[in-house]
Every structure is written in C-alpha cells, then in structure tokens.
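> Sequence:
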Amino acid sequence: LYMVRTMLESLMLYMVRTMLESLIADKSGSKKTLRSSLDGPIVLAIEDFHKQSFFFTHLLNISEALQQCCDLSQLWFREFFLELTMGRRIQFPIEMSMPWILTDHILETKEPSMMEYVLYPLDLYNDSAYYALTKFKKQFLYDEIEAEVNLCFDQFVYKLADQIFAYYKAMAGRYEGPGAVSLLDKRFRAECKNYGVIIPYPPSNRYETLLKQRHVQLLGRSIDLNRLITQRISAAMYKSLDQAISRFESEDLTSIVELEWLLEINRLTHRLLCKHMTLDSFDAMFREANHNVSAPYGRITLHVFWELNFDFLPNYCYNGSTNRFVRTAIPFTQEPQRDKPANVQPYYLYGSKPLNIAYSHIYSSYRNFVGPPHFKTICRLLGYQGIAVVMEELLKIVKSLLQGTILQYVKTLIEVMPKICRLPRHEYGSPGILEFFHHQLKDIIEYAELKTDVFQSLREVGNAILFCLLIEQALSQEEVCDLLHAAPFQNILPRVYIKEGERLEVRMKRLEAKYAPLHLVPLIERLGTPQQIAIAREGDLLTKERLCCGLSMFEVILTRIRSYLQDPIWRGPPPTNGVMHVDECVEFHRLWSAMQFVYCIPVGTNEFTAEQCFGDGLNWAGCSIIVLLGQQRRFDLFDFCYHLLKVQRQDGKDEVIKNVPLKKMADR
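Each residue of the sequence shown is one higher than the one before, starting from 1 at the first, in full-length UniProt numbering.
Everything hinted at is true.
Pairs of lysine to aspartate or glutamate residues, derived as EDC-like cross-links and limited to a Cα-Cα distance of at most 16 Å, are as follows:
#1 Lys159 - Asp104
#2 Lys451 - Glu607
#3 Lys664 - Glu435
#4 Lys340 - Glu249
#5 Lys340 - Asp242
#6 Lys340 - Asp252
#7 Lys399 - Asp567
Derived from the structure by calculation, the hints contain no laboratory data.
Assemble the whole structure, with the sequences as input and the hints as a guide.
This is the structure in structure tokens:
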C-alpha cells in the first residue's frame with residue numbers, strides 16, 4: 001500500500017509540476033504561455049513552489065533517498081582499474097583502498113579532533129558490501145570486500161592499540177597526579193628549560209571515546225572494539241614488563257634503581273588504562289613476567305644473585321667514608337658477559353624518545369656505584385623471600401671461601417710466620433721497631449700470592465658481610481616506614497600537644513574516637529568472615545611485633561659464619577701458660593696483624609694502594625673473622641702496626657728503613 005500510495009502521489013506531483021511549468025514557462029514551442037496574463041506576485045509564488053516541489057519526490061521516499069545520499073560505495077570499487085592492468089594485478093593492496101587511506105591518515109597524524117571519527121571511513125565497506133549484494137548481486141565482490149575488511153580491521157586495531165598504549169605510557173612517564181611521584185615535575189622541567197633542554201608534554205588525545213565502543217557495526221557484525229584493544233594492550237603490558245626485566249638482566253647491579261622506576265611507570269600505566277578497560281591485576285602481570293607465579297624466586301632475584309656472585313663480590317671496593325661500593329681500579333676477574341637488550345619501540349620503556357633520554361640522564365648518576373639507594377630498591381623488589389634466598393646463597397659462597405681457598409692460605413701463611421715475635425720495647429725507637437718487624441715478617445712480605453689471591457678472597461668475604469649488613473639497614477628503614485603507614489589502622493596514635501590545664505587522657509580518647517573508623521581489626525571482626533578475621537589478627541600481630549622483638553638478620557648471619565671457622569688452625573693449639581698466647585704466632589689475629597703490616601707499607605708513585613684495589617671489604621673480612629673467633633682483645637694488645645704507630649707518634653722520627661718511609665708507614 002505504501003508503494004502504491006507513493007506511486008500515486010508521485011504521479012500527481014508530476015502532473016501538478018508539469019501544469020505549473022506550462023503556465024509560467026517563458027517559451028513553450030510555438031504555443032503561447034499564460035505567463036503574461038498572470039500577475040507578477042502569482043508568477044513568483046508559482047516559481048517558488050515549482051522549485052521547492054522538485055524535492056517532494058525524494059521526500060516521499062525518504063529512506064531510499066537517504067541511502068543514495070550516504071552511499072559512498074563507489075569510493076571502494078576499483079574493478080575497472082584492475083581490468084586495465086591486463087592481469088598483472090590480481091588485487092590492489094589496502095594502501096590503495098580509500099577507506100583504509102582515510103583511516104590510516106587519522107591514525108598516523110594523531111589529530112585529536114579527528115580521532116573520535118576514525119571509525120567513520122570504515123563505514124564505506126558497509127556501503128560497498130550493500131551495493132555488491134543488492135545492485136551488482138555478485139558474491140565474489142562481497143567476498144573481496146570481506147577479506148579486505150578483515151585485514152584492514154586487524155591493522156586498525158593493531159595500530160590503535162599501540163597508539164593508546166604509547167599515549168598512556170607517556171602520560172605515566174610525566175604523571176604528576178595524586179599518589180604518584182614524578183621525577184619530571186614542573187620544577188625539573190623548568191630547570192631543564194633554563195639549560196636549553198625542553199621535555200615536551202604528550203599532546204592530549206580523545207581515545208576515551210573509542211574505548212567506549214562495544215558495538216561497532218561492520219558487514220553485519222557487532223564488534224566489541226574495547227575487548228579487542230584490551231587483548232592487545234594486555235599483551236603490550238606483559239611485553240613492557242618483560243622488557244624492563246630483560247633490560248635489568250643485560251646490565252649490572254647498579255641498574256636496579258632504573259628497573260624499579262620502570263616498574264612504577266608500568267604500574268601507573270596499568271592504573272590509567274584500568275579506568276577504560278578490564279586488565280589483569282598488575283601484581284599478577286608482574287609475577288608472570290618475572291617468572292614468579294609458581295617458582296619461589298623470579299628473574300630479578302636470580303639476576304641479583306648472579307651479579308653479586310660474578311661481579312659485585314670480586315670486582316667492587318667498599319668505601320666506608322661514602323658508604324658506597326665502586327668498581328675496583330684493577331679487576332682480578334673478568335667482567336661477566338651479558339646479553340644485549342633487544343631493540344624495542346620507545347613506548348615499551350618510558351613512553352617516548354624524549355622521556356627515554358631524560359630518564360637515562362637521570363639514572364646515569366646511579367650507574368657508577370652501589371649504595372643505599374640500590375639496597376633500598378633491592379629490599380622493595382626482592383621482598384623477604386627473595387632476600388632470604390640471596391642471603392642463603394651468599395653464605396654458601398662465604399663458606400666455600402673460608403673452608404676452601406682462605407683456609408689453605410691461612411695454613412700456608414701460619415707456617416711461614418715466625419714462631420715467636422715479641423713486641424720490641426719503646427727504647428728501640430720507631431726506626432728500630434720497623435726494621436725488626438720488617439725482618440721478622442720478611443717471608444710474609446715476600447709471599448707472592450698475598451696481595452693477589454689472598455686479599456682477593458678476603459675482599460669477597462668482606463663484601464658479602466657488608467652486603468648483608470647494608471641490606472638489613474635498608475630493610476629496617478623500609479619496615480619503619482611500613483609501621484608508620486600502618487599505625488593509624490592499628491589504633492597507634494602519637495601523643496598530642498596539650499595546653500596547661502588540659503588532661504592528656506581526654507585528648508587521647510577524643511583522638512582515638514576520631515580515628516576509630518580506621519581501626520581495621522575491630523571492623524573486620526564485626527563484618528568479616530572467620531577466615532578474614534584470622535588473617536587480620538595475624539597481620540596486625542606481625543606488624544606490631546616485627547621490630548619490637550629485636551630480630552636481627554645480621555646477627556644470625558654472623559652466627560652462621562662463626563660455624564664455618566671450626567678448623568683448629570684459626571685458633572691455634574692450647575696456650576702453654578693456660579691463659580693465652582702472648583708471643584707465639586699461632587692464632588689468626590697474629591696472621592692478620594702481619595697482613596695488615598704488609599698492606600700498610602707505602603706504595604710507589606704509579607702503584608695502587610690496597611684500598612684502591614680491594615677497598616674496605618678486606619678490613620671488614622679480617623676484623624669480622626677476629627671478632628667471631630673472640631680474638632679482638634688480643635689483637636688490640638699485640639698488633640704490630642698499632643705498636644709501631646704508638647712509638648712513632650711518641651718519638652716523631654722519620655727515616656727510610658728497608659726502602660720504607662717510616663712516617664708514611666705510620667700515616668697509613
């Protein structure tokens with residue numbers, strides 16, 4: 001009925017327009033028109049109606065008219081041009097397809113005003129498919145369109161997902177919002193600008209609109225664009241985390257500070273993306289990238305220990321003044337070979353090339369030493385379980401050194417020590433005492449492997465002990481920070497300032513009432529399940545007692561090291577006087593005193609001192625062994641160097657004895 005009515009109305013409209021046109025036409029062949037017989041206003045009204053009535057035909061069939069107006073299918077059809085190639089081309093590449101040219105142009109230019117309309121050019125495929133099926137009635141044309149749509153849409157999702165991930169990664173790299181600490185804050189950028197270095201902000205874009213599209217209509221399909229982008233961004237997040245860890249694995253221990261910040265930027269990127277899509281939790285992603293889902297330790301823990309064993313212990317020198325480890329001037333072992341990091345897009349690191357350059361310059365200041373920032377980072381990344389694994393492996397290394405290499409050298413050096421070596425009287429003067437000790441310890445001084453293998457082994461033990469000590473200090477600081485953060489949730493409140501005449505109890509009760517809603521355990525006891533209540537109570541107890549019970553990891557480590565010193569050579573035979581050895585050189589403290597005398601001998605102009613070669617780790621190893629053996633008091637009494645120093649400080653003499661300057665010797 002609608003079609004019949006439309007046809008009748010179209011016929012009547014045609015007749016009306018024809019009759020009106022015959023009335024007002026200027027010339028109608030040989031016949032005269034009635035235009036001259038009509039009044040001017042009537043002619044104008046008829047002409048106006050005649051012009052407007054031209055569109056009435058299209059209005060009567062508005063749906064078909066709209067379809068024809070919006071039909072852009074001809075922008076796709078290129079079969080005529082394929083025929084012109086005379087078989088040399090079977091199919092055009094998508095780069096020559098108008099829908100993809102328009103879509104790719106928007107993606108490449110990243111124009112914010114156009115990004116919301118990036119799906120519009122893809123609607124040309126709907127028009128082309130409709131035309132192929134309804135007008136041409138050719139299935140092969142539709143199949144070609146469908147194949148091209150599959151390819152183009154895959155490319156579209158791939159490019160769009162990469163752009164979205166790069167955009168939010170760059171946002172995280174310069175983020176200054178609440179709950180985030182940015183190294184590239186406004187003050188830092190202003191300082192860089194003063195030096196001519198400009199760190200640009202990433203231009204804003206309108207990806208949020210595209211991420212809300214869950215029902216994109218294409219060739220009769222309803223496509224969840226958000227889900228497709230989420231899948232690719234999830235894979236990009238995994239790759240970004242994997243790349244951060246791989247970058248750490250390709251460098252030495254100093255790069256662990258950069259690793260932590262890379263992980264923090266990825267964490268912030270994940271938080272920004274989760275506002276628009278559903279991703280796995282960041283901790284789950286991190287455990288998978290770290291290969292720590294079921295294993296007790298992950299890639300980071302393994303690489304930390306690997307670096308400690310093959311590079312840190314044998315090649316770093318500790319400086320007690322700066323509390324830092326620096327690389328030795330003369331390495332006794334080759335630096336381990338590491339795999340080169342893979343070349344990836346900039347957005348897998350900090351988000352963009354300018355951000356990568358800026359952060360690389362910032363973290364270059366952490367590259368030449370290992371100090372408190374690195375130990376704090378190790379504590380945060382490894383956690384209790386990872387630290388326990390590293391400590392256990394370090395103790396195995398110390399055990400193998402103390403019961404293997406060092407023990408054999410100690411046995412050999414004890415044999416070449418003088419059997420009796422009394423401390424000379426002060427009347428001999430410092431030159432005489434120096435000459436006496438130099439003669440008595442001649443065999444030790446001339447021992448070829450003392451300044452190489454012996455000191456190197458002791459340096460490794462000392463570095464291991466220092467590492468454990470500094471890790472415990474850093475861990476204690478982190479625990480104190482945790483306790484302070486947890487205090488409001490455990491009803492642990494600081495004492496308040498009270499004015500004269502006020503009562504402390506009243507103020508404290510008022511404060512406790514104010515923060516009572518934050519007290520976690522009573523809240524869970526009232527609303528939680530029995531399992532949640534048990535977990536909350538255990539966590540509360542652990543947090544409160546963590547530092548109160550006086551646990552010391554370093555004390556346990558020293559106790560373990562003491563158990564490795566059971567060989568009789570460390571303590572010597574029982575003293576003949578039943579009390580202690582006085583002049584006999586049979587205990588380790590006497591051997592260490594001789595070693596100390598050797599490395600206190602001044603070196604030449606172009607030679608390196610023991611501190612430059614081995615650092616303070618050498619001293620820490622010797623002194624730790626003496627303390628663990630309980631020989632520190634005897635060492636203070638019978639040390640060769642300390643006796644020489646006291647006499648020289650008293651007489652103030654400066655002579656050259658056996659090519660050894662006395663004053664320089666005393667100063668060292």
